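Chemist: Sequence:
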Amino acid sequence: MAIGQDITGSASPLGVVPNRDTGVDHNAIETLIREWRPTSIVVGMPSHADGSPSAMQESVDAFILELQRYGLAVDTVDERYTSVEAERVLKEARTAGTRGRISKEMIDSAAAVFIAERYLSSG
15 MAIGQDITGS ASPLGVVPNR DTGVDHNAIE TLIREWRPTS IVVGMPSHAD
65 GSPSAMQESV DAFILELQRY GLAVDTVDER YTSVEAERVL KEARTAGTRG
115 RISKEMIDSA AAVFIAERYL SSG
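In the numbering used here, each residue's number is its place in the sequence shown (first place is 1) plus 14.
Calculated from the structure, these hints are not laboratory results.
Keep in mind it's a predicted model, so treat the numbers as computed, not measured.
We put the beta carbon where it would ideally sit given N, CA and C, even for glycine.
Where hints are given, some of them may not hold.
What the hints assert, rightly or not - Okay, the calculated beta carbon distance ranges per label pair:
#1 Gly29 to Tyr84: 11 to 21 Å
#2 Tyr84 to Ala63: 23 to 33 Å
#3 Ala110 to Asp75: 34 to 44 Å
#4 Ala63 to Val103: 16 to 26 Å
#5 Ala69 to Thr109: 32 to 42 Å
#6 Asp35 to Ala110: 34 to 44 Å
#7 Arg113 to Asp75: 15 to 25 Å
#8 Gln82 to Ala110: 34 to 44 Å
#9 Arg48 to Asp89: 17 to 27 Å
#10 Pro67 to Ile21: 31 to 41 Å
With the hints as extra help, turn the sequences into a complete structure.
Modeler: The structure is reproduced here in structure tokens:
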């Protein structure tokens, strides 16, 4: 997850809210919404390189329906290559000595920043 700022068009990572065996961790999401008070929720929409829907799109659509419980607008943005871009940036930071070991959670959180920034720059 990431939080974006409309005025600056920038975003900051908030970490990862993992899916549990019982589904989405709505308690964690509710806590973040109470703390940060966003005006909308942005979800990365997975698709193949050619833009066609990926196998995950159905699950993402179901997640978007669940997010409607928060009474906020839910928008989507193309998330293609955000994980690749996030991993590249983190590896560059590691090479420069400003970052240690890179975990999947760090990549996911950094990708969320790119997704939020894509959304902010498209508005």
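Chemist: Take the hints in turn and mark each one as holding or not.
Modeler: Right, here's what the structure says about each hint:
Taking 11 to 21 Å as the suggested C-beta distance range, the pair glycine 29 and tyrosine 84 conforms, at roughly 18 Å. A C-beta distance of roughly 32 Å is found between tyrosine 84 and alanine 63, which places it inside the suggested range of 23 to 33 Å. The given range of 34 to 44 Å is respected by alanine 110 and aspartate 75, whose C-beta atoms sit roughly 39 Å from each other. Between alanine 63 and valine 103 the beta carbons are some 20 Å apart, a value that agrees with the proposed interval 16 to 26 Å.
Distance hint for alanine 69 and threonine 109: a CB-CB separation of about 34 Å, consistent with the stated range 32 to 42 Å. The given range of 34 to 44 Å is respected by aspartate 35 and alanine 110, whose C-beta atoms sit roughly 38 Å from each other. A hinted range of 15 to 25 Å is violated for the C-beta pair arginine 113 and aspartate 75, which are about 34 Å apart. Restraint check, glutamine 82 to alanine 110: a C-beta distance of roughly 42 Å satisfies the suggested window 34 to 44 Å.
Between arginine 48 and aspartate 89 the beta carbons are some 20 Å apart, a value that agrees with the proposed interval 17 to 27 Å. A beta carbon spacing of about 33 Å between proline 67 and isoleucine 21 agrees with the range 31 to 41 Å that was offered as a hint.
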